[in-house]
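Just need the whole structure built from these sequences, with the hints factored in.
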Amino acid sequence: MNAVTLGVLATAPAAPRHCLHCGETLRVAGDFCCAGCASARAIIDAAGLGTFYRRLEQSRAHRPLPLEADFTSFARDAGPGLFALDLLVDGLDCAACVWLIESLLARNPSILAARVNLSTRRLALKWRGTPAQANDHAGLVAALGFRIAPWQPMAASAQQDREARELLRCLAIAGFAAANVMLLSVAIWSGHDGSMGDATRTLFHWLSAVIAVPAVAFAGRPFFRSAFRALKAGHTNMDVPISIGVTLACVVSLHETWIGAEHAFFDSAITLLFFLLIGRYLDRRARGRARHAMDALLALSAGSAHILGDDGVAIARRIDQLAAGDTLLVAAGERLAADGTVIEGASSLDASLISGESLPQSVAPGAKVVAGMVNLRAPLRVRVTAAGDRTVLAGIVRLVEAAEHGRSKFVAIADRVARAYAPVVHLTALTAFVGWMLMGGLAWDRALLVATAVLIITCPCALALAVPVVQVVASTRLMRRGVLLLSPTALERLAEIDHVAFDKTGTLTLGRPELVSAVDREALLLAAGIAANSRHPLAIALQRAAPGTPAVAGVLEHAGQGLQSGATRLGSAQFCGIINPTDDGHSELWLTRPNRAAVRFAFADFLRPDVDVALDALRRDGLTVELLSGDRTAVVAGVAVKAGILSWRAEVTPAAKVGRLTELAREGKRVLMVGDGLNDAPALAAAHASISPATAAEATQNAADAVFQGDALLPVVEILRVARRANRLVRQNLLLALLYNLAAVPLAIAGLVTPLIAAVAMSSSSLLVIGNALRLTGRGRREAA
Amino acid sequence: MDSLLILIPAALTLGLLGLAAFLWALRAGQFDDPEGSAGRILFDDDD
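So the sequence lines, in the order shown, correspond to chains A and B. All residue numbers for the first sequence refer to this note's numbering, where the first residue is 213 and numbers rise by one. All residue numbers for the second sequence refer to this note's numbering, where the first residue is 9 and numbers rise by one.
Don't read these hints as lab results, they were simulated from the structure. Since no wrong hints were added, every one of them can be taken at face value.
The calculated label-pair distances, taken between Cβ atoms and stated as ranges, are: (1) A:D289 with B:G37: 20 to 26 Å; (2) B:A36 with A:G524: 50 to 56 Å; (3) B:D10 with A:D405: 20 to 26 Å; (4) A:S975 with B:L22: 21 to 27 Å.
To give an idea of the chain B side of the interface with chain A (calculated C-beta under 10 Å), a few residues: (5) I16; (6) L20; (7) G23; (8) G26; (9) L34; (10) R35; (11) D41; (12) P42; (13) G44; (14) S45; (15) A46; (16) G47; (17) L50.
Reference listing, derived: stretches of chain A covered by chain B, where coverage requires no fewer than 3 residues with Cβ under 8 Å from a Cβ of chain B: (18) 298-310; (19) 324-331; (20) 378-390.
All values derive from a computational prediction rather than experimental measurement. Where is the CB? At the ideal position from N, CA and C, for every residue including glycine.
This is how it looks when you write it as structure tokens:
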């Protein structure tokens with residue numbers, strides 16, 4: 213449809229014209245918005261795949277960005293002369309993109325296989341040739357407008373995929389067995405009035421046993437394993453009563469079948485497993501998806517570094533393969549990949565991610581720099597002194613791991629309940645058994661049947677569903693709003709929060725330069741047009757200030773100094789010939805035009821647009837707020853006043869942040885830490901619960917319980933509200949399940965529970981709990997509408 | 009009741025066939041990319 217519209221538009225110049233690749237409205241002459249789009253269209257047309265544009269549904273192609281990573285070292289050996297490469301592809305919106313990538317790569321005869329997975333966004337490539345061709349193939353995909361990254365960092369989630377698949381297999385077998393055993397059981401139940409002979413009933417029981425026992429043995433393994441692990445570690449969890457109940461039900465039923473008795477509990481055992489597996493599978497899948505989404509965000513933001521080769525030519529190098537002694541080339545706007553000493557060039561570096569310090573610091577040859585800093589102005593050459601595990605950054609990561617250790621002591625509510633519940637259940641069953649034998653005068657196997665009925669009726673089916681179902685519903689709802697829940701106990705801890713500590717840079721603020729000075733519109737448009745030719749952070753900030761401004765053609769970039777278009781210059785004060793520029797601590801760009809006064813653009817880190825609303829909402833919810841920043845006192849005080857935060861601390865070191873949090877914890881407060889910098893990571897791990905924005909450093913995101921995307925701060929409020937509501941639902945569900953058990957246990961002890969009653973009780977309590985959990989989605993939808 | 013001797017094995021066999029088909033599909037990776045497969049079927053190779 214797109215192509216048809218475009219054809220019409222080409223003959224009607226009065227209508228707005230659109231880029232023939234990405235579809236953006238054009239304000240410059242020609243058919244494309246940029247050279248990248250033009251070459252993407254050329255590649256696609258040359259391969260005869262022009263129908264791609266017709267196949268795009270609703271979505272548009274993306275504007276290509278230059279490929280900066282080196283993929284050679286990611287190519288794997290896949291047989292003699294064969295190589296394989298797995299890539300993460302971003303920007304896949306629909307099946308048309310899959311078709312385009314696969315068809316285009318298939319035109320290359322040396323490529324043996326190219327397969328895109330739309331769900332996981334993985335492109336699996338296999339070719340004959342050399343590993344160096346990895347960059348050609350990856351470059352081709354990138355030239356079409358897709359962002360790509362090596363798949364390797366995602367491999368960690370492969371283990372989780374296997375576990376999820378294992379659960380699905382158990383679920384399938386339990387489902388099959390449950391359905392068939394239930395079929396036989398319904399026949400047995402309806403034959404209890406005497407219409408079914410004893411021989412037939414025993415035959416049906418045997419058939420049930422043949423189906424149920426192997427199925428329980430196979431599908432019960434996730435529970436047996438977890439119960440065994442817990443018992444070995446000297447405590448119990450929800451899986452212990454489940455395992456004991458299911459196993460005992462099978463053993464007792466086998467005995468009942470052997471003696472040709474009236475009741476067997478095979479149906480209860482297998483149905484129980486089936487319900488529990490559903491809850492567990494959904495829970496695992498929701499968490500796996502959040503983890504996958506975060507890994508993808510991180511993989512795409514990680515780049516590769518450029519080092520100076522022996523012949524003086526820059527070569528791309530994987531960050532994990534940098535070594536001490538390498539000469540690192542750091543372009544303006546690039547993040548340092550290793551610790552080192554500056555050997556050439558002068559620039560200013562943004563260390564906000566490391567220390568929270570918002571003012572860029574100037575560096576000259578001899579200065580020590582640290583991985584994670586962003587080069588703001590001019591290219592630098594840095595002699596690497598430490599890389600990989602020995603960097604300051606890696607040290608902070610270790611600090612985080614140590615701090616996280618403390619939090620792993622938190623026990624999930626389901627397990628807390630189970631610890632109190634399991635002994636009571638087992639004691640009740642034992643009492644019923646002993647009581648019926650000694651006082652009721654029953655034979656041991658009759659008494660055991662009663663005890664089994666007690667175990668089945670109290671088996672925490674609803675209890676074990678109560679928590680995961682709510683969690684799945686809550687995390688799905690949050691995910692739709694760009695929030696990823698990472699820790700399984702995050703919701704419970706977030707619900708208890710009564711005090712919120714915010715970091716400043718990148719958390720309350722956006723963590724990137726924004727234009728703050730008032731300038732006239734004409735100068736801004738001109739400057740933005742020139743800046744559109746550069747990827748420098750300040751140039752990008754200018755483009756954001758005047759969105760949609762077309763790029764001015766014929767612009768020369770003087771690396772590290774500025775941009776030039778004819779006699780017009782945009783760049784540093786020195787580059788523009790400004791003498792004695794005012795220095796107020798802001799990053800700046802100057803615009804000089806012939807015969808016009810020079811214009812200064814000042815940039816500063818901005819507050820997130822909805823800080824007021826979000827903080828008000830937090831206070832209304834009864835939370836206290838404080839600001840903890842590593843930045844200088846003056847800056848922090850300014851932000852605190854603007855955001856209306858009364859309690860703030862400045863120049864706080866990472867260790868002092870942790871100290872402050874422990875102090876608050878001693879006062880009995882449950883603190884939520886919201887932060888993005890590496891200096892926050894230990895505090896995030898030490899806090900009762902933690903949230904970080906998706907722009908945060910990798911170590912920081914890993915330490916956080918939840919990650920939110922976008923410029924708004926309101927997701928923090930939303931997370932807390934959903935967590936509190938989810939927690940209420942969990943408690944209601946647990947209460948419902950317990951009440952159910954309280955009502956049914958006397959019946960079971962009295963020996964009145966038949967398999968039919970057990971099945972009805974179990975299904976109805978599970979449905980009740982699931983229905984209650986689903987209320988969380990219902991209310992969300994109404995709020996959104 | 010004699011009919012049960014045929015009906016039950018028949019029902020179980022059919023159920024087992026379904027289970028086997030599902031497990032095979034799971035192993036063959038047919039559930040790896042539900043979104044992609046849904047779109048892929050609409051593409052012809054020759055245009």
